[in-house]
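**Student:** Below are the chains, spelled out letter by letter.
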Amino acid sequence: MINLKKYIAALSITAVIFGTAIYVSNLFGQKKLEDVHAIENRVALDILSSETQFMLLEETSCKDIGPGFLSKELGSIGERLTYAENQTELNTNDLEYLKRSYFLLEIKDYLLMKRLTEKCGIKPTFILYFYSTKDVCEDCERMGYVLTALRNKYPDLRVYSFDYNFDVGAIDTLVSIYKVRPELPALIINGLSYYGFHSVEELESTVPALKELARRARVAERATTSVKTLD
Amino acid sequence: MAEIQTLILYCLLFITLFFEVFLLITYFEVREELDFESKHVGKHIKWFPTVTIIVPCFNEERTVEKTIRSLLDLDYPKEKLSIIIVDDGSTDETLSRFVQFAKHPQIAVLSKENGGKHTALNFALERIESDLVGCLDADSFVNADALRKMVPFFDDIGTMAVTPSIKVYSPRSILQHIQKIEYSWGIFLRRMLSSLGALYVTPGPFSIFRTRVFRELGGYRHAHHTEDLEMALRLQKHHYKIVNSHGAHVYTVTPLRFSALFKQRVRWTYGFLNNVIDYRELFFNRKYGHIGLFILPIATSSIFSTLYIAGRTVWNNFFSISSMLTKLQIVGWNWNPPSLDWFFINTSVVSFLALSAIILTLVILSLAIRLTEGKFTITRGIFYYLAIYIFIVPLWLIRAVFSTVFRRQISWK
Chain A
0 MINLKKYIAA LSITAVIFGT AIYVSNLFGQ KKLEDVHAIE NRVALDILSS
50 ETQFMLLEET SCKDIGPGFL SKELGSIGER LTYAENQTEL NTNDLEYLKR
100 SYFLLEIKDY LLMKRLTEKC GIKPTFILYF YSTKDVCEDC ERMGYVLTAL
150 RNKYPDLRVY SFDYNFDVGA IDTLVSIYKV RPELPALIIN GLSYYGFHSV
200 EELESTVPAL KELARRARVA ERATTSVKTL D
Chain B
0 MAEIQTLILY CLLFITLFFE VFLLITYFEV REELDFESKH VGKHIKWFPT
50 VTIIVPCFNE ERTVEKTIRS LLDLDYPKEK LSIIIVDDGS TDETLSRFVQ
100 FAKHPQIAVL SKENGGKHTA LNFALERIES DLVGCLDADS FVNADALRKM
150 VPFFDDIGTM AVTPSIKVYS PRSILQHIQK IEYSWGIFLR RMLSSLGALY
200 VTPGPFSIFR TRVFRELGGY RHAHHTEDLE MALRLQKHHY KIVNSHGAHV
250 YTVTPLRFSA LFKQRVRWTY GFLNNVIDYR ELFFNRKYGH IGLFILPIAT
300 SSIFSTLYIA GRTVWNNFFS ISSMLTKLQI VGWNWNPPSL DWFFINTSVV
350 SFLALSAIIL TLVILSLAIR LTEGKFTITR GIFYYLAIYI FIVPLWLIRA
400 VFSTVFRRQI SWK
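If you read the sequences in order, they're chains A and B. Under numbering that gives the first Met the number 0, the first residue of the first sequence is numbered 0, with each subsequent residue one higher. Under numbering that gives the first Met the number 0, the first residue of the second sequence is numbered 0, with each subsequent residue one higher.
Calculated directly from the structure, the hints in this document are not laboratory data. Don't take each hint at face value.
[Stated by the list, open to error] Pair by pair, the computed Cβ-Cβ distance ranges are:
| id | chain 1 | residue 1 | chain 2 | residue 2 | range |
| --- | --- | --- | --- | --- | --- |
| 1 | B | SER365 | A | ASN2 | 23 to 31 Å |
| 2 | B | SER319 | A | SER175 | 54 to 62 Å |
| 3 | A | LEU110 | B | LEU327 | 30 to 38 Å |
| 4 | A | CYS136 | B | ARG285 | 50 to 58 Å |
| 5 | B | GLU280 | A | ALA14 | 49 to 57 Å |
| 6 | B | LEU327 | A | LYS4 | 50 to 58 Å |
| 7 | B | ARG311 | A | THR132 | 20 to 28 Å |
| 8 | B | ILE7 | A | LYS4 | 26 to 34 Å |
| 9 | A | ASP155 | B | PHE303 | 24 to 32 Å |
[Stated by the list, open to error] Straight-line C-alpha distance at most 25 Å; calculated SDA-like pairs for lysine to any residue:
| id | chain 1 | residue 1 | chain 2 | residue 2 |
| --- | --- | --- | --- | --- |
| 10 | A | LYS133 | B | LYS236 |
| 11 | A | LYS30 | B | LEU327 |
| 12 | A | LYS4 | B | LYS240 |
| 13 | A | LYS5 | B | MET323 |
| 14 | B | LYS326 | A | ILE188 |
| 15 | A | LYS133 | B | ILE329 |
| 16 | B | LYS102 | B | GLU31 |
| 17 | A | LYS152 | B | LYS236 |
| 18 | B | LYS111 | B | ASP138 |
| 19 | B | LYS326 | A | LYS5 |
| 20 | A | LYS5 | B | LYS236 |
| 21 | A | LYS5 | B | ILE24 |
| 22 | A | LYS5 | B | LYS240 |
| 23 | A | LYS4 | B | TYR26 |
| 24 | A | LYS4 | B | ALA356 |
| 25 | B | LYS77 | B | THR210 |
| 26 | B | LYS326 | A | TYR6 |
| 27 | B | LYS326 | A | ALA216 |
| 28 | B | LYS326 | A | ASP166 |
| 29 | B | LYS326 | A | GLU78 |
| 30 | A | LYS98 | B | LYS111 |
| 31 | B | LYS326 | A | VAL135 |
| 32 | A | LYS30 | B | LEU339 |
| 33 | A | LYS4 | B | ASP138 |
| 34 | B | LYS326 | A | SER131 |
| 35 | A | LYS98 | B | SER194 |
| 36 | A | LYS133 | B | ARG311 |
| 37 | A | LYS4 | B | GLU31 |
| 38 | A | LYS98 | B | LEU327 |
| 39 | B | LYS240 | A | TYR6 |
| 40 | B | LYS286 | A | ILE1 |
Note that beta-carbon positions come from the ideal geometry of N, C-alpha and C, so glycine has one too.
Modelling step: build the complete structure from the supplied sequences, incorporating the hints.
**Tutor:** This is the structure in structure tokens:
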């Protein structure tokens, strides 16, 4: 004799567990997207603040530029978006929107950085990195590790990463300005193009901007060692 | 493709959760019954039926003596209990172990050429005239009150077989401690299946039958090296009632090393798969109640779902490890502490469902240990079980499925 009531009860409880899991997951997913959105808003505000400061600088000197001049949170958005892309429960449309905003913020930050370096005579330390998520690109994954390692090694280095095939007009404009070929990964460093995979050592020995960063890092390290010895 | 995989995973998790919820509902339904059985069954028996226990032996020189002694120590009227030892052509010193029992009034020793366990059992069954008959593997030992706890279930004239609770005898190795927890889970499961009328094994260690079952349905069969499973399915097919006495404890010597455990489990899984193929008419057949409609289909599907989840986990981990190695190769060893940012915690639906399934598994495991041991205590076996068991199960499942699909024969030992 089959007790159908028991099956119905078990089915109902299982359905409730399932429903709760879906609801809670969506709730967290939404929170995560809101989190990214909030950071993007902060970055946009940072950029606006920096632009305003920059405009004021036209009348003053470069010495007034403080350490918090450029937003520090761009990298954080990048990490979050990379992680979020692998989470199937997140709303794809929202994610696309956030990515679009992120790329535009990167470009704005890059332009500001460029103007700043030109005006104040600072040697540029930024990299434009083009990768692809549309096609299989093993070298892009490897290049990502290299750039993360470089960013960790040189905190002054700003890496702007762009999805080559992402439908944003500003990325297309960047691609056409620098004549970036679809041979990914591609790096643009001080107007020079580098295609394919390059290791940390290769970049440090061939790219002048990175050579300079490496030299500065060595000097700073020596200075720290001397201070310690004196102590 | 990814969507299909996610959908399959959702379905598997739904079935797993449904089964766990179903088990828990059954447990809460029979909780009072369990307490009653523990406290009262076997205490005031008015009628003691005659019982014969068959002990089939093949090269069991190390344990058979202890097995027989445990039977002689059973708290049951001596004149109602007889033991038949069948030596199935042992090539070691098993036969010499019987000399001391040769003249015992309760014991008869039979000897035959080796033909497999089912032939040894049938050899003895031909000579049995008692009301009840049971079998005890020669590597198992019974608790003194086991028979007293089982016999009252035959007061119900519909009951044709009673199965005991099987526990691990004196666990020493890590694998044996894992099996101890696994057997606790088995005890819980069998008791719940008993309430559903859905037991699909009458285990070799000390299952007791009405003797007329064998007269009506015939003796044991080879049944892909799992004659105890086939016998239970045959009983179910003929609507013969099988119940479980969770208070009747039988101890069995379990494999010490992985190779022996692997062979045993391949045989069990292979036997299960092939016997359910032989008895496929039970599947999704309302006529057979819970066993046909739910338990056999879910037990069969659980083999494949375990393999699917294991395969998926291995595949995903392979990519994670491969990415880690690539990173290591490119930028060297650069350990960063894991991020404490909540953003990077996996909050996918699958994670929450898996977490729910794990919590329900732990709840059932604690109830199972309480049912088996009387109370729940945290032991090292639980940690071994949780940390190791899930990694070794797929190994014998895959081998058994492979042998079934490609019709490869498997060995007994």
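**Student:** Hints first: check each against the structure and report whether it holds.
**Tutor:** Outcome of the hint check:
Evaluation of the 23 to 31 Å hint for B:SER365 and A:ASN2 yields a pass: the beta carbon distance comes to about 25 Å. The hinted window of 54 to 62 Å between B:SER319 and A:SER175 is violated, with their beta carbons roughly 38 Å apart. A hinted range of 30 to 38 Å for the beta carbons of A:LEU110 and B:LEU327 is consistent with their spacing of about 36 Å. Between A:CYS136 and B:ARG285 the C-beta distance comes to about 55 Å, which sits within the given range of 50 to 58 Å.
For B:GLU280 and A:ALA14, the hinted distance range of 49 to 57 Å is not satisfied, since their beta carbons lie about 31 Å from each other. A beta carbon spacing of about 57 Å between B:LEU327 and A:LYS4 agrees with the range 50 to 58 Å that was offered as a hint. For the pair B:ARG311 and A:THR132, the beta carbons lie near 23 Å from each other, so the given range of 20 to 28 Å is met. The hinted window of 26 to 34 Å between B:ILE7 and A:LYS4 holds, with their beta carbons roughly 29 Å apart.
A hinted range of 24 to 32 Å for the beta carbons of A:ASP155 and B:PHE303 is inconsistent with their spacing of about 55 Å. For a cut-off of 25 Å, the pair hint linking A:LYS133 to B:LYS236 is broken: about 56 Å separates their Cα positions. This hinted pair does not check out: A:LYS30 and B:LEU327 have alpha carbons roughly 33 Å apart, beyond 25 Å. Distance hint between A:LYS4 and B:LYS240 is fulfilled; the C-alpha atoms sit about 22 Å from each other, no more than 25 Å.
The suggested pairing of A:LYS5 with B:MET323 is violated, with an alpha-carbon distance near 47 Å, which exceeds 25 Å. Between B:LYS326 and A:ILE188 the alpha-carbon distance is near 23 Å, which keeps this suggested pair within the 25 Å criterion. At roughly 23 Å between alpha-carbon atoms, A:LYS133 and B:ILE329 fall within 25 Å of each other, so this suggested pair holds. Restraint check for B:LYS102 and B:GLU31: not satisfied, since their Cα atoms lie roughly 46 Å apart, outside the 25 Å limit.
Proposed proximity of A:LYS152 and B:LYS236 is contradicted: the alpha carbons are some 72 Å apart, above 25 Å. A distance of roughly 19 Å separates the Cα atoms of B:LYS111 and B:ASP138; the hinted pair therefore holds under the 25 Å criterion. The suggested pairing of B:LYS326 with A:LYS5 is violated, with an alpha-carbon distance near 52 Å, which exceeds 25 Å. Note on A:LYS5 and B:LYS236: the hinted pairing holds, with a Cα-Cα distance of about 23 Å set against a maximum of 25 Å.
Pair hint A:LYS5 plus B:ILE24 holds up; C-alpha atoms about 8 Å apart against a cutoff of 25 Å. Of the supplied pair hints, the one linking A:LYS5 and B:LYS240 holds, its CA atoms being roughly 21 Å apart against a limit of 25 Å. Note on A:LYS4 and B:TYR26: the hinted pairing holds, with a Cα-Cα distance of about 15 Å set against a maximum of 25 Å. Using a Cα cut-off of 25 Å, the hinted pair A:LYS4 and B:ALA356 holds, with the two alpha carbons roughly 22 Å apart.
The straight-line distance between the Cα atoms of B:LYS77 and B:THR210 is roughly 19 Å, inside the 25 Å bound, and the hint therefore holds. With a C-alpha separation of about 50 Å, the suggested pairing of B:LYS326 with A:TYR6 is violated against the 25 Å cut-off. Under the criterion of a C-alpha separation no larger than 25 Å, the hint pairing B:LYS326 with A:ALA216 is consistent with the structure, at around 23 Å. Under the criterion of a C-alpha separation no larger than 25 Å, the hint pairing B:LYS326 with A:ASP166 is inconsistent with the structure, at around 29 Å.
For the suggested pair B:LYS326 and A:GLU78, the alpha carbons sit about 16 Å apart, so the restraint of at most 25 Å is met. A C-alpha spacing of about 79 Å is found between A:LYS98 and B:LYS111, which places the hinted pair above 25 Å, so the restraint is violated. Note on B:LYS326 and A:VAL135: the hinted pairing holds, with a Cα-Cα distance of about 17 Å set against a maximum of 25 Å. Under the criterion of a C-alpha separation no larger than 25 Å, the hint pairing A:LYS30 with B:LEU339 is consistent with the structure, at around 16 Å.
Proposed proximity of A:LYS4 and B:ASP138 is contradicted: the alpha carbons are some 42 Å apart, above 25 Å. Our distance criterion of 25 Å between C-alpha atoms is met by B:LYS326 and A:SER131, whose separation comes to about 18 Å. Only pairs whose Cα atoms come within 25 Å are accepted, and A:LYS98 paired with B:SER194 is rejected, the gap being roughly 56 Å. In summary, the hint linking A:LYS133 to B:ARG311 is supported, as the alpha carbons are separated by about 24 Å, within the 25 Å threshold.
Between A:LYS4 and B:GLU31 the CA atoms are separated by roughly 20 Å; this keeps the pair inside 25 Å, and the hint holds. Proximity of A:LYS98 to B:LEU327 is assessed by CA-CA distance (about 28 Å); at most 25 Å being required, the pair is judged violated. Proximity of B:LYS240 to A:TYR6 is assessed by CA-CA distance (about 22 Å); at most 25 Å being required, the pair is judged to hold. For the proposed pair B:LYS286 and A:ILE1, the alpha carbon gap of about 9 Å is at most 25 Å, so the pair holds.
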